[in-house]
Every structure is written in structure tokens, then in C-alpha cells.
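Here the sequence shown is numbered in the working numbering, starting from 148 and rising by one per residue.
Hint data in this document are derived by calculation from the structure and do not stem from the laboratory. Please note: incorrect hints may appear among the correct ones.
Stated by the list, open to error - DSS-like mimics (lysine-lysine), calculated; alpha carbons at most 25 Å apart, straight line:
1) LYS313 to LYS528
2) LYS528 to LYS322
3) LYS313 to LYS379
Said to hold, decoys possible - Label-pair restraints from in silico Cβ distances:
4) LEU338 to GLN234: 40 to 48 Å
5) THR371 to GLU336: 45 to 53 Å
6) ASP206 to SER429: 22 to 30 Å
7) GLU534 to ASN375: 34 to 42 Å
Just so you know, even glycine gets a beta-carbon here, dropped at the ideal spot from N, CA and C.
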Amino acid sequence: MKTKIILATLLCTLVSTHAQAMGSKKPSPTPAPNPAPVTPTPAPSTKPTLDFGPELSEDAYLNAGAEVGAQVDDSQNDNELVGSSRQVINNDQVDQCFNDEAPHEYFADQISYYVQEMINDVPAKVGYIGSYYGTSSDDSAYFPTSLIRHPLCNVTSSTLSATINKVPGQATIDKLNRFANTVNTLRQEVLNGDQSAKKELLSTWTRMFSCLAYAESLSTADTTTSKNVAAKVGPSGYRKPAGVKFYEDPAQDAASRLNIGMFQFTPNSAGNIQPCIRAWNSLNQNKASCQISQKATQADLIKALGSSYQSFNAFCGIHKLVQTFAIQVNTTKSSATHPSNVVNGKLKGFEQRCVSPHFQAGKAYNHFGPFQNSTGSNLDKLFTCIESSR
148 MKTKIILATL LCTLVSTHAQ AMGSKKPSPT PAPNPAPVTP TPAPSTKPTL
198 DFGPELSEDA YLNAGAEVGA QVDDSQNDNE LVGSSRQVIN NDQVDQCFND
248 EAPHEYFADQ ISYYVQEMIN DVPAKVGYIG SYYGTSSDDS AYFPTSLIRH
298 PLCNVTSSTL SATINKVPGQ ATIDKLNRFA NTVNTLRQEV LNGDQSAKKE
348 LLSTWTRMFS CLAYAESLST ADTTTSKNVA AKVGPSGYRK PAGVKFYEDP
398 AQDAASRLNI GMFQFTPNSA GNIQPCIRAW NSLNQNKASC QISQKATQAD
448 LIKALGSSYQ SFNAFCGIHK LVQTFAIQVN TTKSSATHPS NVVNGKLKGF
498 EQRCVSPHFQ AGKAYNHFGP FQNSTGSNLD KLFTCIESSR
């Protein structure tokens, strides 16, 4: 019974798509459709590795953060990603869990840092909800996933109609494919050993997540409403830093109503923050002070998600894309993967699949409203930002 209660709470949180930054309520929950019958592909006995080359230097991701952050700020007529006048600095342990000694003063630094980490394979940690999405309950059984392990799928109005509810016009679809083609070209160059392409790929993903941060929260992070919500729910000793949005969504139930920070997560350890906690702990397993309890209280998660430099929030936002990619790659349900991954009624092998950000929450565990075009216009606004900030 306890498992059912946790899963029910989780599924309520899944539909929390955070479209309010675009001036519209979040969509109401929709049940996942019954999948078309497919012939399951057996899990691979071995998991092949791809050579993404040496890790990028500190200068590479800090420069990407500084350059892209400023460009996105300028295109949004704001100054949050690279704003340094936070003033309120809480003693947040999650902002001290990096593998370097470099300064991480800007939100853009956190985005770029975790993008470069997730260019390499990273554990998705979605096994505990795998049965809902046609994937394994054993995290160790998953085919490896990263931001670039698999190519991005091209999309059409037909494929989008199978994955999201509000299909955009052709001009927007063209923007989605231009982004996918850029990522795929750079990905192949990285696999061919081109390290300059790896830097450009880092900047490309950093630009996307920076624009997504504006779509989710940054444009309205310091309103009176945001400050009032933070004052009401913040635990003892906590003060809201500049740029950290607090929002109570009246369209959601109590378990999912409060949303915090750059990528707007609910401080509920039984909700969709759980895979992030598990992956964060796995990647920080040698740092006892960085561990976050899988049963963390709301007070503890408010501190983690509302931290001064948004490290865990940035990590989780980027990791959410890896999570949905992992579902699409490992699922045995046709409804939870891109239509091009089903050929003659049979799912392609895990290694041969492409992945896409554009899924409804109930189909492939997507967190973000703009990727779903939840308002009918926020998908175009997101990709317009990506293109205009170059």
C-alpha cells in the first residue's frame, strides 16, 4: 500500500510542467495511452562504450557559462544567469559539491558544469518507477544514457502528434529540427575525436538549458509573490536569494503545489525529485557531506532546491532530460519512445534509438512544460531564445 501511495504522489508530480513562466496555467493531468503492441527487444548482455574523448577543462565550461549566460541574459532583457549581486548567501552544502576548485558564482556556471558532466554517461535512476513506463525496475539493467549517447530525433507534425498534445506550426518544428541537427552534427564530430566540437556542443546545450531556466522561472523569480511565498514556507534561518523563484501553483494538489528555483521543482521526496536525489547521491558517493536523504523533509529540500547558487536545482533540471532519454531508450512501450524507434511493429534495439525532449509527462517522464508546448506558444518561445542568443 505504501508503494502505491508513493507512486500516486509521484504521478501527480509528473504532470507539474511549470508553464507559468510563460503566463499560463499548467495542463491538467492526462492518463497515459495504452501502448501499441510491440515485440520487446531483449536487454543487451554487454553495454558498449562510446569514446567522448577527455573531459573538458575548467576554462571550457566556465567560459561557456560566462559567454552563453550573458548572451541569454541579453536576449531576455534581464540579468539573472550571470548576476553576481545575490547578497543573500546561505550556507548551502549542495553548492559545495563540485569536483574542482573553480568559482561557481553564476547560475550559468552550474548549468555549464553539469552539462559537461552529463555529456558522459550518467545513471538515470528511474528504475523504481520503471514498471509504469515499460522499463526495468533494476537501475543496473539500463542501457547507458547521457545528453549525447543517442542522437536527437527529428520531428514532424505527425510524430509530435503522437508524443505531445499541442502540435506547433511548421516554423516552430523547423526550429526544433535545426537544434537537433546542430547537436547531432557536433555529436558525430565529438565521436570522431574533435575536441573543439565538444566545446561547441557544451555551449549549445548550455544555451538550451539557460533559455529553459528563463522559461521556467528567471523572468519572475524576484516578484513580490515569489518573495512572499518564500517567507511563508522557508524553514528557520533560510532566506530567499535573488533569482530563486518560489511559486505556489493553484492548479496542482497540495503535494505538488510548491515549486522552487531555477527549474521549478517540488520539495517532496516522494515526487519527481527522487531520481535526482538518487543520481546526485550516486555521483557524490565519496562525499558524505553532499548526500541528500531519499526521505528528505520539505524543509531540507527547500534549502537544497532554493540554494544560493542553485547547484542541485541545476543538476536536477539537466538530469531530467537524461531521465526521459533513459525511458525512451529502455522502454518496451511504443507510447514511451519516439515513433521512429518502432519499425514494422518492433522496437529498435536500445543502441539504435534516437531520443527527443518532446513528450507529455505521462508518456516518457517529462518534467518541463515548454518541451510539451503546454501553453501552445512556450515551445516556440523557448527555441526562439535558443536561436536568438547565439
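Evaluated hints:
1. LYS313 to LYS528: holds, 14 Å
2. LYS528 to LYS322: The given pair, whose Cα atoms are some 10 Å apart, holds under the 25 Å limit.
3. LYS313 to LYS379: At roughly 35 Å apart (the allowed maximum being 25 Å), LYS379 and LYS313 break the hint.
4. LEU338 to GLN234: 40 to 48 Å: holds, 44 Å
5. THR371 to GLU336: 45 to 53 Å: holds, 47 Å
6. ASP206 to SER429: 22 to 30 Å: At 27 Å between Cβs, range holds.
7. GLU534 to ASN375: 34 to 42 Å: holds, 35 Å
In summary, the one numbered hint that this structure violates is 3.
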